[in-house]
Amino acid sequence: MSNEKITYKDATGTIEYTLKSDLMFHYVMQKSKTALLGLVCALKGIDPSSVRDIIVMNPIELNNSAKETVMDLKLILNNNEILNIELQVYTDKYWIKRSLLYLCRAYDSIGMGDDYSKLKPTTHICITDQNLFPDDQEFYREYLLLNTRNHHLYTKNFGIKVLQLNHIRNATQKDIDNNLVYWAKLFEADTWEKFQYLAQNNPAIEEVGNLILELNTDNQAKEILEGQRRYREMLASQYTAGYTDAEEKMASTIAEKDNAIAEKDAALAEKDALLKKYIDKFGNL
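Position one of the sequence shown corresponds to residue 299 (our numbering), numbered consecutively onward.
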């Protein structure tokens with residue numbers, strides 16, 4: 299028997315758990331610092347040479363990961379900037395409120411009595427395949443605090459960025475040059491053949507491929523990933539069921555009101571008919 303280790307290059311077919319699994323994403327990024335560097339530089343549009351260090355502030359241990367765990371990736375960049383990277387692949391009508399809460403919590407990085415000068419610039423980055431803004435199909439967007447009249451910037455140290463994987467067709471040349479399109483394709487790669495094509499001649503992404511394969515072939519890890527997926531799907535189903543129930547109840551209420559209005563209209567029409575008959579008969583007296 300050969301002792302040669304199997305790699306992602308030997309895998310074929312569907313990738314059961316891709317980078318769009320937030321647990322997979324978190325695990326891979328904390329294991330591969332080179333890949334993490336590439337993603338952060340793509341999201342920030344900066345050169346890797348400007349990065350001295352990236353620290354994962356909330357590393358995970360798979361054996362201790364519960365279904366309910368919030369899997370955002372919290373980073374310190376060059377010891378002077380906080381990045382919070384979130385994967386959002388399930389419907390959440392409270393996403394805007396939640397993202398603001400996460401941003402505020404991350405920005406509040408000093409202790410009681412500490413000097414406010416120690417507050418670090420903070421950005422919450424959402425990577426999603428959902429239509430968070432149906433009327434806006436921009437691939438990569440940035441939100442900052444601005445004067446609503448003249449658009450004067452209040453601060454550049456506090457903001458939210460959104461990468462829409464499902465709007466890759468609207469990527470700009472800047473997005474392409476910054477490797478954002480490449481990373482979007484990596485997230486969307488759902489077969490080993492697609493991933494292998496993207497990973498060609500890129501050692502950092504080859505490492506990512508082997509880490510993805512590791513979790514996809516480890517029974518204990520797969521149980522954890524499957525448990526998390528079912529939990530997310532259950533939440534999404536509950537949301538859909540709640541929306542459907544509300545829609546059905548609303549439809550029933552509207553139907554009852556329509557029937558009541560129709561009955562009142564019929565009663566008024568009957569009264570109008572009786573009044574007309576009376577006027578026709580006695581109007582000349």
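Each hint should be verified, as a subset may be incorrect.
Using 30 Å as the maximum straight-line C-alpha spacing, the simulated DSBU-like pairs for lysine-lysine come out as follows [as the list claims (entries may be wrong)]:
#1 Lys307 to Lys555
#2 Lys395 to Lys307
#3 Lys454 to Lys318
#4 Lys342 to Lys472
#5 Lys329 to Lys459
#6 Lys331 to Lys391
#7 Lys472 to Lys318
#8 Lys416 to Lys483
#9 Lys303 to Lys483
#10 Lys555 to Lys329
#11 Lys483 to Lys318
#12 Lys342 to Lys569
#13 Lys307 to Lys454
#14 Lys395 to Lys492
#15 Lys459 to Lys472
#16 Lys391 to Lys483
#17 Lys416 to Lys372
#18 Lys492 to Lys454
#19 Lys492 to Lys331
#20 Lys391 to Lys416
#21 Lys459 to Lys307
#22 Lys342 to Lys303
#23 Lys562 to Lys391
#24 Lys331 to Lys416
FRET-style restraints, in silico, Cβ to Cβ [unchecked claim]:
#25 Gln518 to Asp433: 42 to 50 Å
#26 Asn500 to Glu314: 31 to 39 Å
#27 Asn448 to Gln428: 30 to 38 Å
#28 Asp406 to Val349: 35 to 43 Å
These are calculated hints, taken from the structure and not from any lab test.
Computed from a predicted structure; not experimentally measured.
Built from N, CA and C at the ideal position, the CB exists for glycine as well.
For each hint, the structure was consulted:
Annotation: proposed proximity of Lys307 to Lys555 is violated, straight-line Cα distance about 63 Å (limit 30 Å). A distance of roughly 42 Å separates the Cα atoms of Lys395 and Lys307; the hinted pair therefore is violated under the 30 Å criterion. Note on Lys454 and Lys318: the hinted pairing holds, with a Cα-Cα distance of about 29 Å set against a maximum of 30 Å. Simply put, Lys342 and Lys472 have alpha-carbon atoms about 11 Å apart, close enough for the 30 Å limit, and the pair holds.
Restraint check: the Cα-Cα separation between Lys329 and Lys459 comes to about 24 Å, which is no more than 30 Å; the hinted pair holds. For the given pair, Lys331 sits about 33 Å from Lys391 by alpha-carbon distance, which is inconsistent with the 30 Å threshold. The suggested pairing of Lys472 with Lys318 holds, with an alpha-carbon distance near 23 Å, which does not exceed 30 Å. For the hint pairing Lys416 with Lys483, the CA-to-CA distance comes to about 37 Å; that exceeds 30 Å, so the pair is violated.
Note on Lys303 and Lys483: the hinted pairing holds, with a Cα-Cα distance of about 27 Å set against a maximum of 30 Å. Distance hint between Lys555 and Lys329 is unfulfilled; the C-alpha atoms sit about 60 Å from each other, more than 30 Å. Of the supplied pair hints, the one linking Lys483 and Lys318 holds, its CA atoms being roughly 11 Å apart against a limit of 30 Å. With a C-alpha separation of about 73 Å, the suggested pairing of Lys342 with Lys569 is violated against the 30 Å cut-off.
Distance restraint check for Lys307 and Lys454: the Cα-Cα separation of roughly 43 Å exceeds the 30 Å cut-off, and the hinted pair is therefore not satisfied. The hinted pair formed by Lys395 and Lys492 fails the criterion: a straight-line CA distance of about 35 Å is larger than 30 Å. For the suggested pair Lys459 and Lys472, the alpha carbons sit about 15 Å apart, so the restraint of at most 30 Å is met. Between the alpha carbons of Lys391 and Lys483 the distance comes to roughly 26 Å, so the proposed pair stays at or under 30 Å and holds.
This hinted pair checks out: Lys416 and Lys372 have alpha carbons roughly 18 Å apart, not beyond 30 Å. With a C-alpha separation of about 37 Å, the suggested pair Lys492 and Lys454 falls outside the 30 Å cut-off, and the hint is violated. A distance of roughly 23 Å separates the Cα atoms of Lys492 and Lys331; the hinted pair therefore holds under the 30 Å criterion. Between Lys391 and Lys416 the alpha-carbon distance is near 34 Å, which puts this suggested pair outside the 30 Å criterion.
This hinted pair does not check out: Lys459 and Lys307 have alpha carbons roughly 33 Å apart, beyond 30 Å. With a C-alpha separation of about 36 Å, the suggested pairing of Lys342 with Lys303 is violated against the 30 Å cut-off. Simply put, Lys562 and Lys391 have alpha-carbon atoms about 39 Å apart, too far for the 30 Å limit, and the pair is violated. Between Lys331 and Lys416 the CA atoms are separated by roughly 26 Å; this keeps the pair inside 30 Å, and the hint holds.
The hinted range of 42 to 50 Å is satisfied by Gln518 and Asp433, whose Cβ atoms lie roughly 44 Å apart. Look at Asn500 against Glu314: about 23 Å separates their beta carbons, and that is not inside 31 to 39 Å. A hinted range of 30 to 38 Å holds for the C-beta pair Asn448 and Gln428, which are about 33 Å apart. Here the CB-CB span from Asp406 to Val349 is close to 24 Å, at odds with the stated 35 to 43 Å.
Consistency note: the structure conflicts with the earlier hints numbered 1, 2, 6, 8, 10, 12, 13, 14, 18, 20, 21, 22, 23, 26 and 28.
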